[in-house]
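Protein chains: 2
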Amino acid sequence: MRTPRWQSLFPVLDWGRRYDRGKFAGDMTAAVIVTIMLIPQSLAYALLAGLPAEVGLYASILPLVFYAIFGTSRALAVGPVAVVSLMTASALAPLGLESMAEYVAAAGLLALLSGAVLLAMGALRLGVVANFLSHPVIAGFITASGILIAVSQLKHILGIEAHGHALPQILASLWHNIGQVNGPTVIVGLLALAFLFWVRKGLAGVLHARLGLSKDLAGTIARIGPIFAVIGTTLAAWALNLAEQGVSVVGEVPMGLPPFGLPVLDLGLVQALIGPAVLISVIGYVESVSVAQTLAAKRRQRIEPNQELIALGASNVSSALSGGYPVTGGFARSVVNFDAGARTPAAGAFTAVGLLVAAMFLTPLLYFLPNATLAATIIVAVLSLVDLGILKRAWGYSKADFAAVASTIALTLGVGVEIGVATGVLVSLLLFVWKTARPHVAEVGQVPGSQHFRNIQRHEVVTDPAVLTLRIDESLYFANARRMEDLVTARALDCPELKHVVLMFSAVNEVDLSALESLEAINRRLDDLGVRLHLSEVKGPVMDRLKRTHFLEELTGEVFLSQYEAFATLRGSDAGREAAAE
Amino acid sequence: MRTPRWQSLFPVLDWGRRYDRGKFAGDMTAAVIVTIMLIPQSLAYALLAGLPAEVGLYASILPLVFYAIFGTSRALAVGPVAVVSLMTASALAPLGLESMAEYVAAAGLLALLSGAVLLAMGALRLGVVANFLSHPVIAGFITASGILIAVSQLKHILGIEAHGHALPQILASLWHNIGQVNGPTVIVGLLALAFLFWVRKGLAGVLHARLGLSKDLAGTIARIGPIFAVIGTTLAAWALNLAEQGVSVVGEVPMGLPPFGLPVLDLGLVQALIGPAVLISVIGYVESVSVAQTLAAKRRQRIEPNQELIALGASNVSSALSGGYPVTGGFARSVVNFDAGARTPAAGAFTAVGLLVAAMFLTPLLYFLPNATLAATIIVAVLSLVDLGILKRAWGYSKADFAAVASTIALTLGVGVEIGVATGVLVSLLLFVWKTARPHVAEVGQVPGSQHFRNIQRHEVVTDPAVLTLRIDESLYFANARRMEDLVTARALDCPELKHVVLMFSAVNEVDLSALESLEAINRRLDDLGVRLHLSEVKGPVMDRLKRTHFLEELTGEVFLSQYEAFATLRGSDAGREAAAE
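Sequence lines, in order, name chains P and G. Letter by letter, the first sequence follows residues 1 to 582 of the numbering used here. Letter by letter, the second sequence follows residues 1 to 582 of the numbering used here.
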């Protein structure tokens with residue numbers, strides 16, 4: 001039962017039709033919890049992006065609704081996330097915009113461009129592009145971003161100014177202003193930090209063990225912990241009039257509907273932002289899809305990666321049209337949504353209503369909320385992203401993977417997020433290509449008592465001085481063709497009794513035109529030495545292509561279906577009989 | 001018997017020690033013939049590079065001597081060649097130099113930089129870098145360069161002005177000036193062209209068939225044909241005073257030793273030329289090494305690619321120090337040298353003496369040589385490089401190879417040599433990576449009566465509904481890991497009776513960290529479905545790496561040495577007995 005193409009564009013048509021009261025109850029509960037969790041988070045991430053707090057709320061409303069319509073994950077919650085907020089700040093800083101209004105408009109344009117990029121990739125079914133971000137690059141990038149974000153928030157905890165988008169600048173800037181630290185701010189910040197760390201690490205255990213709450217419920221309450229910090233410090237700031245003591249607070253936040261409208265399409269700005277928009281799209285997409293896949297796997301559901309591009313694209317466009325900034329699927333909120341019992345994407349839509357209510361009526365309550373509290377929320381959230389262990393794991397596994405992680409982390413911290421991730425991708429690709437250019441070649445022999453052939457250096461095997469069998473452990477293509485040519489000729493020159501060379505093609509998945517010429521050269525050179533060239537275990541697609549050339553006619557030897565057949569035939573009649581008797 | 005490292009830097013020490021009278025005779029004969037051939041050729045290529053004619057002679061003297069000392073090919077002749085001359089012109093044109101003296105100095109600097117690049121690559125043993133120029137890219141580049149060169153020389157045949165370094169500009173420029181065509185020049189040019197074509201195509205046959213000369217001798221005489229065109233048209237121009245009728249002639253050429261000295265090291269110029277120098281080095285190296293290897297193979301000699309970098313580097317530096325411009329090993333001259341009986345690199349040194357004599361005493365004779373004759377020499381020489389058939393061959397063989405050729409040709413002709421070759425390399429690499437990102441995966445079964453397993457869609461094979469064996473035809477790495485993860489899970493979901501999935505790793509040459517995580521995910525997901533995951537035919541290097549992780553402990557199934565062992569074990573006891581009885 002295949003759904004028609006246009007219907008698969010709207011997964012809502014599928015699950016919406018079978019919606020019932022049971023699902024509604026689950027979705028509603030999840031929505032209430034996620035709403036409470038998202039209010040401080042959205043404000044905090046807006047702050048991280050350098051935007052006014054309410055922009056975080058706006059970016060959390062329509063995107064949830066659009067993802068509910070187009071998305072294929074049942075539990076993903078879309079909105080502002082830490083890494084994308086950092087990338088937004090880093091994209092907008094070099095523009096040197098003068099007023100906050102311009103800055104907000106540019107953030108909206110960035111969301112629009114990012115949405116357009118995602119939609120275009122979706123239309124071209126380019127989800128596969130995300131695979132070029134290797135796991136070490138993503139892990140390194142997320143870790144470095146987490147460190148950068150945490151350090152960048154220290155200024156709010158200390159109550160001082162600091163600038164820059166790379167670690168050295170931020171640290172220098174903090175050090176330079178360290179004299180102006182504001183005591184009361186530090187107290188609020190440290191208390192909030194301590195409370196949030198305790199909520200994260202200890203609260204769930206206490207609720208579960210002492211109060212007898214179920215593990216799930218205890219975990220969920222711990223997740224919404226930040227709201228208590230927000231309420232507590234806001235009340236304290238109001239009661240103790242902390243703003244007058246130099247504690248920076250959120251201040252007046254406009255109340256009402258998000259400001260709908262198209263961002264201004266300034267061509268110069270579009271040119272400056274299109275590069276960052278592509279990077280934000282790809283990183284956001286990768287982060288979102290991996291969260292969605294992790295959650296889908298738990299309930300044996302499937303994610304359609306290309307449809308996810310469409311859904312995230314639509315979410316970003318809707319964010320741009322409603323005063324928001326770039327968004328993507330977030331890990332923490334999606335997990336809470338999932339754990340709290342969300343059954344369909346409708347939970348997202350209900351959350352959107354909750355946040356809309358907050359934006360319309362609750363913003364005056366945020367006036368006394370200290371920025372230090374929001375910064376503490378961010379720091380606690382992002383430190384869980386930092387995983388420097390990836391460096392050790394990568395080192396232990398392979399030096400190439402280590403090089404990719406290390407260069408990504410070093411350049412993200414030292415230069416910036418865009419250079420960092422771009423270098424990581426480039427390094428991984430170059431190392432892969434470099435490795436395929438210098439392939440492993442094993443001389444193989446027959447494992448006694450079997451028809452299997454393995455490396456003579458690793459296994460006890462049967463060989464014959466007149467037959468040299470080389471297993472080439474790589475596709476043959478231009479970057480390694482000439483090397484193989486030299487290697488095979490050199491090996492043949494070293495074996496005086498040699499009559500046959502067999503190239504075992506079990507690992508050769510491709511022979512391109514350059515490699516074909518090298519094979520022809522090998523064939524001719526061996527012929528000059530009185531040695532015949534044979535191939536074995538040539539795969540279907542490779543054989544199809546060789547058949548279109550004259551190579552098989554010129555080949556001095558044969559093409560054998562299996563290496564065993566080749567060896568049995570070429571060993572000479574005596575040895576051949578022996579082998580057959582085994 | 002290994003030669004010590006420092007001695008291998010001077011191959012002359014090896015062959016020089018065993019030099020004798022027989023070798024001297026062969027070398028001397030070859031040197032005389034090559035000298036006669038090189039005089040018009042060097043003048044012509046200097047013209048092509050936009051340089052005064054004598055620079056071509058200078059660039060043909062010291063480089064030959066230095067190659068004789070450092071080179072590993074017995075027959076390679078180093079000097080100005082068509083493609084490198086074109087690239088020199090294209091590198092120097094954008095500098096907008098005002099006087100010819102500055103232009104000559106810049107050409108010398110280019111040779112110096114190119115020599116430095118080659119020496120550095122040789123010291124770092126980076127000969128392998130040249131392998132990244134695939135055969136289609138080289139073939140496309142040489143073909144397009146041949147067309148560009150031939151068209152750029154038309155102005156000399158027509159006696160008009162024309163500028164530009166890409167086909168559209170040159171053609172537009174020719175068209176614009178077509179009104180000023182000079183009749184006598186066209187007559188000289190066409191006669192020279194006709195004569196040279198006849199020499200190339202018909203003369204050898206006539207000499208061989210009518211005059212009974214040996215094929216080799218006839219071929220060699222045909223190769224030095226251009227000298228007759230030079231003598232004939234020079235005499236005609238002198239006798240008929242063609243210069244007064246508007247026929248452009250070479251004019252006064254300084255007589256004497258080449259001007260020794262270091263090129264001026266202007267830092268701005270170095271910056272502008274280093275990019276082109278790298279490209280010229282790599283292209284020149286590839287061209288030279290392939291000529292050397294072709295000739296060496298005919299006499300069962302070996303070329304040491306990294307030593308060739310040193311030799312060509314030294315040649316270019318010596319060219320820079322003696323008033324020359326970038327040089328490399330040329331195809332035509334090396335073949336003539338080889339056919340005429342050169343036995344050692346000393347032939348090159350003797351040729352250098354011949355050209356030195358020419359530079360010192362014969363240059364006044366070149367006064368009346370028409371430029372149209374030199375242009376005709378170039379056109380006839382380069383048209384043999386043009387091989388548009390490569391487009392058809394590449395198309396027939398693989399679309400990826402075709403894309404590389406076509407883009408190289410189109411961009412070299414349409415934009416310029418540097419963009420053309422760079423794009424070609426990039427396109428080939430991207431297509432290779434793209435292909436490995438979407439690997440072929442075959443479901444395999446046992447070929448009856450053997451222990452060999454092949455694709456069920458191509459062969460009649462034995463399978464078992466409880467065992468799904470997938471042969472993954474590519475190394476597993478970040479770009480394809482997630483795709484494999486989805487594919488294996490999807491296939492497993494489609495087979496209700498499935499108990500075992502075997503991934504046959506015979507073509508998996510590498511499992512990187514991203515792929516390891518995908519394997520772990522596959523293992524977990526299959527476990528959830530009650531299916532066990534097994535691996536078979538895992539290669540040594542891959543197994544070594546997997547052993548360093550926890551994957552093998554978590555694996556629900558086993559790792560089998562051979563696919564046959566896996567299938568025999570997993571088919572279940574009954575089927576297993578049956579298989580063992582075979």
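Note that these hints are calculated values from the structure, not bench results. Please note: incorrect hints may appear among the correct ones.
No distinction is drawn between identical chains; accordingly, a pair holds when it is met within one copy or between any pair of copies.
[To be verified] Using 16 Å as the maximum straight-line C-alpha spacing, the simulated EDC-like pairs for lysine to aspartate or glutamate come out as follows:
| hint | residue 1 | residue 2 |
| --- | --- | --- |
| 1 | K547 | E418 |
| 2 | K298 | D14 |
| 3 | K499 | D20 |
| 4 | K215 | E244 |
| 5 | K23 | E102 |
| 6 | K547 | E443 |
| 7 | K155 | E98 |
| 8 | K23 | E558 |
| 9 | K499 | E98 |
| 10 | K547 | D339 |
| 11 | K298 | D339 |
| 12 | K392 | E304 |
| 13 | K547 | E558 |
| 14 | K392 | D20 |
| 15 | K399 | D544 |
| 16 | K298 | D464 |
| 17 | K298 | D486 |
| 18 | K499 | D14 |
| 19 | K23 | D339 |
| 20 | K298 | D527 |
| 21 | K201 | D527 |
| 22 | K399 | D20 |
Status of D339 relative to K547 across identical chains (alpha carbons, at most 16 Å): neither (57 Å within a copy, 35 Å between copies)
Up to 16 Å CA-CA - E418 versus K547, copy category: Neither: 47 Å inside a chain and 35 Å across chains, both beyond 16 Å.
Homo-oligomer pair classification [D527, K201; C-alpha up to 16 Å]: Neither way: K201 and D527 sit 72 Å apart in one copy and 31 Å across, limit 16 Å.
Homomeric proximity label, K23 with E558: Cα distance no greater than 16 Å: Intra 65 Å, inter 42 Å, cutoff 16 Å: neither.
16 Å Cα threshold - placement of E102 relative to K23: neither (43 Å within a copy, 82 Å between copies)
Within, between, both or neither: K499, D14 at alpha-carbon 16 Å: Neither: 66 Å inside a copy, 31 Å across copies.
Identical-chain pair category, K298 with D339, by Cα at 16 Å: Answer is within: at 11 Å inside a copy they meet the 16 Å cutoff, but 74 Å across does not.
Copy assignment of K399 with D20, given that the CA separation must stay at most 16 Å: Neither way: K399 and D20 sit 53 Å apart in one copy and 52 Å across, limit 16 Å.
16 Å Cα threshold - placement of E304 relative to K392: neither (33 Å within a copy, 39 Å between copies)
K298 and D464: within-copy, between-copy, both or neither at 16 Å Cα: neither (54 Å within a copy, 29 Å between copies)
Identical-chain pair category, K547 with E443, by Cα at 16 Å: neither (26 Å within a copy, 23 Å between copies)
K215 and E244: within-copy, between-copy, both or neither at 16 Å Cα: neither (42 Å within a copy, 104 Å between copies)
Hint compliance for this structure: hints 1, 2, 3, 4, 5, 6, 7, 8, 9, 10, 12, 14, 16, 18, 21 and 22 are not met, and every other hint is.
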